[in-house]
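All chains, full assembly: derive it from the sequences and hints.
Quick note: the sequence shown uses the numbering used here, first residue 507, plus one each step.
It is worth saying that the hints were derived from the structure and are not from the lab.
Among these hints, one or two may not hold up.
Claimed, not checked - Calculated cross-link-like contacts (lysine to any residue; reagent style SDA-like; alpha-carbon spacing at most 20 Å):
hint, residue 1, residue 2
1, K817, A759
2, K896, R856
3, K896, E603
4, K854, R725
5, K816, E603
To be verified - Label pairs and their computed distance ranges (CB to CB):
hint, residue 1, residue 2, range
6, R713, K563, 54 to 60 Å
7, A852, P741, 39 to 45 Å
8, E677, P929, 41 to 47 Å
9, Y761, S864, 43 to 49 Å
10, A939, K744, 47 to 53 Å
11, W773, I826, 51 to 57 Å
12, P541, R945, 49 to 55 Å
13, P741, Q779, 27 to 33 Å
14, A939, I826, 39 to 45 Å
15, K744, E803, 46 to 52 Å
Note that CB positions come from ideal geometry on N, CA and C, so glycine has one too.
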Amino acid sequence: MLSQTGAVDAARAILEGARTQEAERLAKIAAAMRPTRPGSEASSIHVAPDASPLVRKLAQKSETNFLPLVLDTFSQVLKVDGIYSSTARTDRSGAWEHWQRNGMDARQTGVHRTALQYGVSYLTVLPGDTGPVMRGRSPRSMTALYQDPADDDWPMQALDVDRSLLKLYDETHVYFIGHENKPASGLASLSPQLPSYRDLHYIEARRHDVGVTPIVRFRDRMLLDGEEQYGLVEPLLKIQERINQTTFEMLVAQYFAAFRQRYVIGWVPKSEQERLKASASTMWTFDKDPDKMKLGEFEVTPLTPYIESKKSGLYDLAAIAQVPAQNLGVDALSNISAEALAALEAGKDRKADEISTSFGESWELALRTCAALAGDRVTAEDFGSEVRWKDATARSFAQTVDGLGKLATMLDVPKTLLWEDVPGWSSTRVERARQLRAREQTDLLAAMGSDLGYAPPG
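The structure is reproduced here in structure tokens:
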């Protein structure tokens with residue numbers, strides 16, 4: 507257990523070290539995902555300092571943020587639907603009770619989206635009044651220190667900043683440290699959550715009895731050298747800026763030069779009525795010396811090159827993010843078969859599978875920890891347990907069911923096992939179907955025994 511001074515010093519060391527180092531990068535990613543508010547003059551598009559209010563308004567309208575769509579594409583296919591045991595007689599692990607009690611069907615989305623956005627997210631696993639409690643934390647509020655960032659499952663220490671309260675976690679205790687909620691000098695514009703380091707005061711320590719620092723880390727990919735986790739968004743920031751800039755230039759061209767503009771040299775209308783009459787006329791005549799007057803028109807600026815340039819940026823975005831181009835609105839497709847759609851989404855599915863493998867190990871670790879806290883030693887030591895992910899791939903329902911039927915008849919795979927792969931069937935529905943099947947079989951045996959004059963015991 508750390509002393510009061512030791513806990514405060516450890517918290518201050520994390521605040522001034524690892525947390526400060528990552529704050530700017532995380533704040534930049536958060537700002538890139540935030541939509542531009544209507545009426546706001548803020549814009550990521552560079553315009554000249556002396557630009558007119560109209561041009562600045564066009565710059566604000568040009569922000570076409572595809573980054574949340576990329577995040578949605580992967581987040582929406584990463585849904586845990588069950589965890590199955592390798593030792594229990596029933597397929598579902600006892601750890602699933604902890605999942606349901608903590609409402610993780612909904613809360614898992616925040617854990618996944620945060621890890622996809624920033625490259626890492628965290629989950630606290632602590633004892634509670636009715637059982638283990640799991641809660642997700644963002645890297646913008648929590649910073650964890652690992653002795654070996656690549657291989658260690660548990661951090662040495664972790665610091666969670668919750669407004670005016672700091673929570674320092676280690677292997678034995680949670681230390682509560684207060685501070686005045688004042689932004690740190692020079693970092694206020696980047697992360698308002700960074701407190702002033704001078705005003706920390708110890709409050710209390712609570713023993714958690716987990717045996718390790720109770721923080722589970724979620725990473726979108728596993729790395730060997732402890733490299734910085736960068737998530738899905740950061741590699742796309744420059745491409746998104748290019749798309750915004752192209753859209754801005756297209757809007758400027760559309761507003762100022764996408765229609766024919768005539769000019770007259772040597773004549774000025776005497777009134778606004780005369781100007782409107784000249785603008786609406788297909789033939790202009792003037793009571794002036796033609797030798798001193800010149801008429802002409804500017805060429806129309808075509809918008810097609812801008813459209814193609816923006817499309818090129820979207821293709822680059824789709825390729826690097828490994829997202830189907832049609833998901834970004836490029837060359838929208840129609841009347842294609844389920845097989846063709848599945849082929850178009852093959853790259854996204856492979857990447858989602860890699861991410862789910864990494865996330866799955868973290869969920870298994872968290873749920874085994876919950877089982878250990880609940881005294882369920884068998885489940886806590888079930889290292890063969892496996893997370894089941896909801897199937898969200900693009901496949902024909904009839905084709906999938908037909909394939910499952912052939913597995914049952916041609917390869918003699920148990921039918922109840924194949925129910926898990928029926929599109930749209932949740933883990934709860936599969937379990938209900940198994941219970942109904944067992945009940946039907948029991949009733950059938952009872953009826954057969956009655957016909958033969960045999961009464962089942964009990």
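Each hint, compared with the structure:
no. : hint                    : result
1   : K817 / A759             : holds, 17 Å
2   : K896 / R856             : holds, 15 Å
3   : K896 / E603             : holds, 18 Å
4   : K854 / R725             : holds, 18 Å
5   : K816 / E603             : violated, 49 Å
6   : R713 / K563: 54 to 60 Å : holds, 58 Å
7   : A852 / P741: 39 to 45 Å : violated, 20 Å
8   : E677 / P929: 41 to 47 Å : holds, 44 Å
9   : Y761 / S864: 43 to 49 Å : holds, 47 Å
10  : A939 / K744: 47 to 53 Å : holds, 50 Å
11  : W773 / I826: 51 to 57 Å : holds, 55 Å
12  : P541 / R945: 49 to 55 Å : holds, 51 Å
13  : P741 / Q779: 27 to 33 Å : violated, 58 Å
14  : A939 / I826: 39 to 45 Å : holds, 42 Å
15  : K744 / E803: 46 to 52 Å : violated, 39 Å
Checked against the numbered hints above, the structure violates hints 5, 7, 13 and 15; every other hint is satisfied.
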